[in-house]
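**Q** Residue-level listing of the chains:
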Amino acid sequence: MTPMIDVTFQLLIYFLLGTSFVLGEEIYRVDLPDRTERRERGEGTGEDPIVIRIRSQSAELNDYRVDLEGPLSTLPTDRSLAEGLRASIVSAENPNGLVSRRTPVVIAPSADTRWEHAVDVFDAAVKAGFNRVAFAPTSKDAPR
Amino acid sequence: MPPDATNDRRASRRPRRRGAALAAPISLGATLTPLIDMSFLLVTFFVLVAHVSATERVALRPPSPSNPASVKPAKEARVVLNVLAGVEEAYALGTERFRDDVGGRTALRTRLVELYVANPTVRVNLRADRAARYDRVEPAMRIISAAAATASAQLGTPIEPRMHLVVLREAEGTPRVR
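So the protein sequences, as listed, match chains P and F. Take the first sequence: its position 105, counted from the start at 1, is 91 in the numbering used here, and no numbers get skipped. So the numbering used here is basically just the index in the second sequence, starting at one, shifted up by 14.
Simulated from the structure, these hints should not be mistaken for laboratory data. Where is the CB? At the ideal position from N, CA and C, for every residue including glycine. Some hints could be false.
What the hints assert, rightly or not - Taking beta-carbon pairs under 8 Å as the criterion, some of the chain P residues facing chain F (in silico):
{"id": "1", "residue": "Glu11"}
{"id": "2", "residue": "Glu12"}
{"id": "3", "residue": "Tyr14"}
{"id": "4", "residue": "Asp53"}
{"id": "5", "residue": "Ala97"}
{"id": "6", "residue": "Lys113"}
Unchecked claim - Looking from chain F toward chain P, a few residues come up when the C-beta cut is under 7 Å (computed):
{"id": "7", "residue": "Phe59"}
{"id": "8", "residue": "Pro77"}
{"id": "9", "residue": "Pro79"}
{"id": "10", "residue": "Lys86"}
{"id": "11", "residue": "Pro87"}
{"id": "12", "residue": "Lys89"}
{"id": "13", "residue": "Ala91"}
{"id": "14", "residue": "Ala142"}
{"id": "15", "residue": "Arg144"}
{"id": "16", "residue": "Ala146"}
{"id": "17", "residue": "Thr171"}
{"id": "18", "residue": "Arg176"}
{"id": "19", "residue": "Met177"}
{"id": "20", "residue": "His178"}
{"id": "21", "residue": "Val180"}
{"id": "22", "residue": "Leu182"}
Turn these sequences into a full structure, and let the hints guide you.
**A** Spelled out as structure tokens, the structure:
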């Protein structure tokens, strides 16, 4: 029994140390715009996109400022962003909604916004039920 | 005290094992079978997960939104593009590092084009540090999109540029592993 117990303990220690590296990593699926055709934001959809501007205030998790432009510029501030966005979607249960799930949502963080804040807003839009969520380009040029 | 008297006293305390002298001699030797079994199991394990380690062993902390709407990654061909914060070599694709300048981004796009040409269905997992600035992450998305367009033109078949944003899902109340 001794070798088996030895090896079992070794495996236990290995998995305790090894599994922490990829603990709980998950993904969002994102479709990027096709660069073979130059398309302007919201063009072809016939809908005014909801633009969510973000600016980090500090390195704290929820310390960032959000400004909305477009059809949801007057979102109530007494609830979370995800709840507010969800309440704005028109459906059978919510006939007073202002936009549909197909309305494009453009997340436009400022250049110095922390990535965790941008992802937090992206998550809120996905959780609300929008299925056309994209990130806005920065002014910085990238090779094409 | 004479040594014989000490031995006699010890012998009188222990019960004498009468059959010990008649038992078969003990053979000493290492039992190698479990060792070999476990070695093979470990080798198999490392062979299966080696590609994960090679592409994801970049020390960074992905964002961790509370109760995210993310999903578990499916088993599909993918490469991991890591975006680091606060260092000159901002992008890591496997073991290759690329700087956050025009030359580095061009080299990164060229490498991604090669990967797309080799496998047009490959998905790019964008794994960015939570502290990375947006103007460092967003160019990576544009590079992925541009690489897919270039590979599409080279192959003559349309490639849908898709990527995955990687986040860290942590259970409520679970201490974070650093």
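**Q** Indicate, hint by hint, whether the structure satisfies it.
**A** Structure-based check of all given hints:
1. Glu11: With a minimum Cβ separation of about 6 Å from chain F (threshold 8 Å), the hint on Glu11(P) holds.
2. Glu12: Result: holds, 4 Å to nearest chain F Cβ.
3. Tyr14: Holds. Min distance 4 Å.
4. Asp53: It is violated, given that the least Cβ distance between Asp53(P) and chain F is near 15 Å, above 8 Å.
5. Ala97: holds (4 Å)
6. Lys113: holds (4 Å)
7. Phe59: violated (9 Å)
8. Pro77: holds (4 Å)
9. Pro79: Given a least distance of 4 Å, the restraint on Pro79(F) holds.
10. Lys86: It holds, given that the least Cβ distance between Lys86(F) and chain P is near 6 Å, below 7 Å.
11. Pro87: Because about 5 Å separates Pro87(F) from the closest Cβ in chain P, which is inside the 7 Å limit, the hint holds.
12. Lys89: Check failed: Cβ of Lys89(F) comes no nearer than 12 Å to chain P, outside 7 Å.
13. Ala91: violated (14 Å)
14. Ala142: Holds, about 5 Å.
15. Arg144: Result: holds, 4 Å to nearest chain P Cβ.
16. Ala146: With a closest approach of 4 Å, the Ala146(F) hint holds.
17. Thr171: violated (12 Å)
18. Arg176: Result: holds, 6 Å to nearest chain P Cβ.
19. Met177: holds (5 Å)
20. His178: Hint on His178(F): holds, closest Cβ of chain P at ~4 Å, below 7 Å.
21. Val180: holds (6 Å)
22. Leu182: holds (6 Å)
The structure shown violates the earlier hints numbered 4, 7, 12, 13, 17.
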